[in-house]
Amino acid sequence: MSLLIDQLTVRRGNCSVLAEVSLTALTGQVTALVGPNGAGKSTLLKAVLGLLPSQGRISFAGQDLAVLSAQARARLIAYVPQRSQLVAALPVRAVVAAARYAHHGWLGMPRPIDRAVVEEALSQVDALHLAGRTFSTLSAGEQQRVLVARALATDAPCVLMDEPTAALDVGHALGLLDLTRRLAATGRCVVVVLHQLDEARRTANRIAMLHRGRILADGPPDQVLVEAHLATAFHVAPVPGGALGFRSLEQS
Amino acid sequence: MRPAFVLLILASILAVSVAVSLATGSGGWGAERILLDLRLMRTACAGLAGAALAVAGVMVQGLFRNPLASPDVIGTTAGATLGGQLALVAHAALVGVLPLWLAPELVLPLGCLIGAAAALSVLLAAAGRGGGGGGGIVAVLLTGFVITAMVGALSGLLTSLAAGRWELARALTGFGMGGVDGKGIGHIALAVPLVLAGIGAAWAWGRTCDLLLAGEEEAAALGVDTGRARRWLLAWTALLAAAAVAVGGALSFVGLIVPHALRPFTGVEHRRLVPAAALGGAALLILCDVVARAVPLGATWFGIPGPGELPLGVVTGLIGGPVFLMLLIRARREGTL
Chain Y
1 MSLLIDQLTV
11 RRGNCSVLAE
21 VSLTALTGQV
31 TALVGPNGAG
41 KSTLLKAVLG
51 LLPSQGRISF
61 AGQDLAVLSA
71 QARARLIAYV
81 PQRSQLVAAL
91 PVRAVVAAAR
101 YAHHGWLGMP
111 RPIDRAVVEE
121 ALSQVDALHL
131 AGRTFSTLSA
141 GEQQRVLVAR
151 ALATDAPCVL
161 MDEPTAALDV
171 GHALGLLDLT
181 RRLAATGRCV
191 VVVLHQLDEA
201 RRTANRIAML
211 HRGRILADGP
221 PDQVLVEAHL
231 ATAFHVAPVP
241 GGALGFRSLE
251 QS
Chain B
1 MRPAFVLLIL
11 ASILAVSVAV
21 SLATGSGGWG
31 AERILLDLRL
41 MRTACAGLAG
51 AALAVAGVMV
61 QGLFRNPLAS
71 PDVIGTTAGA
81 TLGGQLALVA
91 HAALVGVLPL
101 WLAPELVLPL
111 GCLIGAAAAL
121 SVLLAAAGRG
131 GGGGGGIVAV
141 LLTGFVITAM
151 VGALSGLLTS
161 LAAGRWELAR
171 ALTGFGMGGV
181 DGKGIGHIAL
191 AVPLVLAGIG
201 AAWAWGRTCD
211 LLLAGEEEAA
221 ALGVDTGRAR
231 RWLLAWTALL
241 AAAAVAVGGA
251 LSFVGLIVPH
261 ALRPFTGVEH
271 RRLVPAAALG
281 GAALLILCDV
291 VARAVPLGAT
301 WFGIPGPGEL
311 PLGVVTGLIG
321 GPVFLMLLIR
331 ARREGTL
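Protein chains in written order, with the numbering used here: chain Y, 1 to 252; chain B, 1 to 337.
Think of the hints as simulated: they come from the structure by calculation, not from any bench. This list has only true hints and no planted wrong ones.
A few chain Y residues that face chain B, going by a derived Cβ cut-off under 10 Å, partial list only:
(1) S69
(2) A70
(3) M109
Among chain B residues calculated to face chain Y with C-beta under 8 Å, some are:
(4) A204
(5) W205
(6) R207
(7) G215
(8) E217
(9) E218
(10) A220
(11) A221
(12) L222
(13) V224
(14) V268
Derived DEER-like restraints, expressed as beta-carbon distance ranges:
(15) Y:R83 with B:P322: 29 to 37 Å
(16) Y:V170 with B:R330: 33 to 41 Å
(17) B:A125 with Y:A185: 44 to 52 Å
(18) B:L327 with Y:R83: 23 to 31 Å
(19) Y:A72 with B:V20: 48 to 56 Å
(20) Y:A61 with B:G186: 56 to 64 Å
Using N, Cα and C, we set each Cβ at its ideal position, and we do this for glycine too.
Work out the full structure, taking the sequences as your base and the hints as a guide.
Here it is in structure tokens:
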């Protein structure tokens, strides 16, 4: 089972945000999407989710996502947005329980197994103690962990995460990256947008670097995070000494 | 507070409201049977209209992610009122052609439904539905204001054109002011299935509304067919607003006040809020109707005979207007407007 993206193009007006992008994300692996701001990373995730009109073919485990209903697609692919737009005073447990919608639809009632899945998902992201609190009163980092729990509670075999560590402190960020690896180890296909290249190198089995709506490089971290690609995409060069630090090429 | 306890309290308040409504008027409980029957009719109409408007308010606020939305604020009630008035005019114009059994109260709900659906469609097309904050709320409120103003102008035009037929003009004016007096079993028999179906549908779509609170993008990612959900929610909202207007005329602010008043007790989850709103809306409008009857307006005012009782729409407007302003001021202070 794998997520196959073939010749994906997304246009906004006359501008191509993504141009003929092809990518394969395998199950059991963490695939990181990296690239400068505006490269099309979040757009790629939203196109996979069917949230944007696009051309090309996207399939998971051989199923063409374009022909699936929203409910069937949500059972296959879970999503962690950069930030939730939820402003209403919903309890955390209800936010995570929303993930079970795809399993019983608009008319269904939560079953005991749904409640167990919600508790387990909250526990996995160290957020069980937040379950009774109101989502909108949580800190950005706590909200992010709850959103990850919501994605886990879908039980989907493919998880897409859009900058999940952006609002997290270093401890929780490392914990979350560890969780992505554990998810992949359980046979899930994990695609994660990351801004920090050192996080991508430590976490991902494979990195796809996007630049101006196209795949610039795709492969194992040590083949993608090389000087030529970094210079083209980010206008930076690695500092000598082994650690993944950078200096700006524009300043020098 | 436990949901069952909240519902029990609201049911008790509703029972007391019904009792007070039946006892209010000349003769009190000892009034003749015919008077009690009339009071029972208007109590039932007020209860149905209140329940329908409050539940429609819950759905509209969920759909637009906007706590300041309600069927009257966004122009749906005005659309239903104009639709109802057009139905009354059409019925009067075709009175010799239509079969005798087709009474005005039978065509009224259809006109109200078409008017409400048209107003909601215009709103959705003009203001969008992502109004979780910032310009979204302002766009919804302004579009609702424009729809209400335009529909009000058309309603005024219709009433003035009907001025030559005194009874029709009086019916149109009374309908526009809102009220449950003079309603009969025909109105109730038509409204009961519509209101019950609308409340049931609102409860059933409650989980979808919960997901839509996070915006259409997140809801779609969680499995909501947002286009289908939007169409159904609009249809049920229009149906509820139409049923309310058909039995109660143009009544403002009920759909705004009731969900706001109940959320601190039920929380924002729609499947808890909908039944509570139905009970609370019914109780509120029955009590408003009691106030309308209790205010003595039978005397002569500046040489003109008084109307006998306060129009129900005036009572809901006088209560709801200040509440709406208070909510606007609070939203501004919280920076959500």
